[in-house]
Structures are given as C-alpha cells and as structure tokens.
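**Student:** Once you've looked at the hints, dock chain B against the given chain A.
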Amino acid sequence: MNPDLSQDLSLFHLILNASIPVQLVMLLLLGASLMSWWFIFIKMFSLKRALRVTDSFEREFWGGGDINAMYQRVAAERESAGEMEHIFEAGFREFMKLRQQPRLSLNVIIDGTRRAMRATYQRELDSLESHLSFLATVGSVSPYVGLFGTVWGIMIAFMGLSSVAQATLAQVAPGIAEALIATAMGLFAAIPAVVGYNRYTHDIDRLANRMESFMEEFSNILQRQVTSRAD
Amino acid sequence: MSFPADARFVSRPAPTFVAGAMALGVHALFVLLLVFGVSWQTEHPAPVMVDLWETLPPVTPPSVERTPRPRPEPVKPAPEREPVVKAPAPPPKPPDIALEKKKAEAAHLKKLQAIQAAEEKARAEAARTVREKQLAEQKKRALLRQMEEEDLMQRVTSEAAANEARQLKLSEAQAAASKRQAEVASVVGQYRDQISTKVRGNTRLPDNLKGNPEVRCLVKLLPTGEVQSVRVTQSSGNAAYDEAVVRAIEKSSPLPLPVERDARAAFVPELSFVHRPK
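As you go down the protein sequences, you meet chains A and B in turn. For what it's worth, the working numbering labels the leading residue of the first sequence as 29, then goes sequentially. For what it's worth, the working numbering labels the leading residue of the second sequence as 6, then goes sequentially.
Okay, chain A solo, but in the shape it has when bound:
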C-alpha cells in the first residue's frame, strides 16, 4: 500500500536511512573497528620484529661471542636494537659501573645489575603491551554497542508499526534490517580485536618468559665472572 515499503534494501541505502542514534552507533563502531585493525597491524609488525631480533640476539649471545664486544655493538646501535639487547645493555652497563667502585660485595653488584635489568625489562614489556588494552576494550564492548544500536533501531521500527492499522512484515523489515547492520558491525569490530588480543598477549607472555630467563642466566654469568676474577 505504501510505495516506500518496496524500496531497495541495498547496504548503503539502509545505512543512510537509519535513524540518527543508529547512525551514530554505526559510526562509533566503524571508528573502533578501524582503530583496532590499525593496532592489530602495528602490533603484528612490532611483535614480529621483536621475535626476530630476540632470536638473532640469543643466537649471538649463546654462540660464545665476546661480551664486551657485544656490549659495544649494542650500545652503538641502540636505536635498532631489540628488547633483550636493551636489557643486556642496561645490565652490563650497571655491572661495569658497580665493579669500578671499590669494596662492594658480590651480592651488591649482582643485585644492582638485576635491578637495572628488571627496570629495563618492565619498560620494554610496557611498550610491547601498549594498545593491547584498546583491543581488549573493543573486543568486549563493541558487541554491546552494536546491540544497543540494533535495539534502538528495532524499537523505532515497531513504534512506526503502531500508527498503521494493518501491520505487515514489510513495514518493519527495512527497519530491522538496518538495525541488524549495527550488530553486524559490532561483531565485525569485536571478533578480530578479541583474536588479536589473545594472540598478542600469548606472544608477549612467551617473549617475557624468554627475557626473564635471559636475565637470570646473564646474572649467573656475571656472578661467575666476578667470582673467577676475585679468586
């Protein structure tokens, strides 16, 4: 009966015809989705690089190279060095400084070295984990935001239905279709964010474990060096 009801239901038409709150929700979700994908790719690149650099450093370190030479190299190219190299550099620098001071016991030297390494480790971990909280937020909240848009759109569709005498499915169908787009967008934003968050937290955990064990092993090596010199 109404010619407007048989209009086209294309994606853009539906979005443009949606009510303002639903459109705002869609805009918000689009922004969240864009940002989360952006962070996903940033994290992907930086984590890949961190893994690669850490692998090569470990290979070099356990390959039996000269620690002094390694320190020189890492200090020279600090900008491009990886997380573990930073820890190594901080620890070794602190160790050398403490060793130059007279009458310091072995425990004090090793503890100072470990504290320096731990501080750098925390900073590196913090940098690795940046943006991850945003992914977690998008992953948990955007389905609700999309649901809100859908509920609002369906409410409006049914309100329009109350003013007509004969209710047909064709009168609510476009409203419900446009409302459901909001849920679809929310899920589209949430699913990659959740997957990315889980995956990156796992990767970062493994990297952190490697860094921690390196710290312990490096402390042992330094301790051995000190005791062997002292003897």
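Don't take every hint at face value.
What the hints assert, rightly or not - So the derived label-pair ranges between C-beta atoms look like this:
#, chain 1, residue 1, chain 2, residue 2, range
1, A, Val179, B, Ser201, 48 to 56 Å
2, A, Leu55, B, Gln179, 50 to 58 Å
3, B, Glu275, A, Ala212, 50 to 58 Å
4, B, Leu34, A, Glu105, 52 to 60 Å
5, B, Gly25, A, Glu105, 21 to 29 Å
6, B, Gly42, A, Leu79, 54 to 62 Å
7, B, Glu248, A, Met183, 24 to 32 Å
8, B, Gly25, A, Leu79, 16 to 24 Å
9, B, Ala187, A, Ala212, 53 to 61 Å
10, A, Leu55, B, Gly42, 55 to 63 Å
What the hints assert, rightly or not - Take a look, some chain A residues computed to stay more than 10 Å from chain B by CB distance:
#, residue
11, Ser38
12, Glu88
13, Ala97
14, Pro171
15, Ile249
Honestly, the hints are just simulated from the structure, not real lab data. C-beta: ideal position from N, C-alpha, C; glycine also.
**Tutor:** For chain B alone, coordinates are given in the frame of chain A:
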C-alpha cells in the same frame, strides 16, 4: 650530585602508516564483500515495455533490395571494356589478304554485334534492376505508411478501449459502493431488530401503561457492546415506563453488535434507540 647518564628508554617507531593502510584495506575488502557477495534486494524488476508487431515486413525489404544491388556492378564494367576491345580490332586491317580481311571483318562484326547485344542486355538488365529497386522502395514506403496508419488506428482504438474500461471501472466502483451501502443498511436494520427484541424481552411493563407509547433513548456503548449510559431524550409521558425501558436496556448489556466496521459505526459510540412496548 648528578645522576649518571643511563641509557634512555628507546621507543621504536612502529610502521604506523603501513598498518593504517592495511586496516583501511581490510575494511574496504569487507565492504566489497558485503556489497557484491550478499545479494541485496536492490531493484525490483522494472516494468518492461513490449511492442507487438503484427507484420514483420520491414525486415525483409532491405534484404530484397540489397541483393539486386551487387548485380549491376559486375555488368557495368562490360560496356567500359568495349573501347578496349575496339581499339585492338583495327590493326588487323593492314594485312593485304582480302579474305582474311573479310573474315576478320565478319568476325569483328560478329564480335561487335555480340558485344552490342551484350551491352543492350546489360542495359536492359540495369534498367530492370533500377525499376525493381524503385518498385521495392515504393512497396516498402507503402508498407511503412500502412503500418503507421495501422499503428495510429491501434493506438486510437486502444485509447478508446482504455477510456471505456476506465468508465466501466468507475461505474462498477460506484455500483459496488451503492451495493455496499445497501448491505450495510440491511445489516444495521437487522441488528437494530435484534437489539430491540432483546430489550423488549427484558422490559417489565408497568401496570398503568396505556396504548403503545414511544420512548427515545440515547445509549452510549463501548466497542464491545456493553452499555455505558442510557439517557432518555424523549419521554413517553409515563415516568414508570421510561424507567422500565432504561432498566431493560441496562439489563440487556452487552447488546449484539455487527462485526463489520461500517455497520458498527451506526451503533458505536452512541446509539439513538426508539422503543415501543409492542
């Protein structure tokens, strides 16, 4: 006291531009997938206009016309070749031998005659083809004109038919409307009778009633037929009787009402009710 310069924390610049471009790419891909992957109900099949042709001659005449055209072309070169044939003919004259000369002349004559005959034939043929062409064109023009006329006639007749149909529809609609009104009126009358019989059955006539007095009441009804209020608009002169009628109407709630919307309008929300005891 000054703190020793420790190595400062180095924040590595992440490849943000590449990541941003990739994020945009993912969204563009998803939108493309949605637009082209899902068959949205974008267009309703548009009404198709169909021209119905009773005769299909306009297609055939051009083909008829086109076939004769190539024919004159191979014929025409023949006359052009005549002078070329004639020119080499004179040289045989110089030889002294008369017989040969005669023979040659006879042959030449024959040849000439043959050529002339061929020429005439070709000319006749060309003329014929031209005539045929003209004829075909005339035929075609006549056909076209005829078709145009037919078209016009058809259009005129179809318009007239459409007009007639429209008028017929209008009159039909009017007839339907009046019929419907009659139906509604009959339904209303039926229910009025039902209501008055129900009320009459509930009326307890007072003893002092004389004759067949008429009471007019205004009854307010709910859509369900329940009586909301009754008011006497024109008394019968006998107060006891008026009261009895009012009570009877209240007692017969809910009143029977027609289901149809149009017929119902005569009863809801107000019904002027006329009651006589007999």
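**Student:** None of the hints should be skipped; say for each whether it holds.
**Tutor:** Hint by hint, here is what the structure shows:
1. A:Val179 with B:Ser201: 48 to 56 Å: holds (54 Å)
2. A:Leu55 with B:Gln179: 50 to 58 Å: Holds, since A:Leu55 and B:Gln179 (Cβ atoms, about 55 Å apart) stay within the stated range.
3. B:Glu275 with A:Ala212: 50 to 58 Å: Holds, at about 53 Å.
4. B:Leu34 with A:Glu105: 52 to 60 Å: violated (38 Å)
5. B:Gly25 with A:Glu105: 21 to 29 Å: holds (27 Å)
6. B:Gly42 with A:Leu79: 54 to 62 Å: violated (35 Å)
7. B:Glu248 with A:Met183: 24 to 32 Å: violated (53 Å)
8. B:Gly25 with A:Leu79: 16 to 24 Å: This hint holds: roughly 22 Å between Cβ atoms.
9. B:Ala187 with A:Ala212: 53 to 61 Å: Distance hint for B:Ala187, A:Ala212 holds at roughly 56 Å.
10. A:Leu55 with B:Gly42: 55 to 63 Å: violated (23 Å)
11. Ser38: Violated, because the least Cβ-Cβ distance between A:Ser38 and chain B comes to about 5 Å, which does not exceed 10 Å.
12. Glu88: holds (19 Å)
13. Ala97: At about 18 Å from chain B, A:Ala97 clears the 10 Å cut-off, so the statement holds.
14. Pro171: holds (17 Å)
15. Ile249: holds (20 Å)
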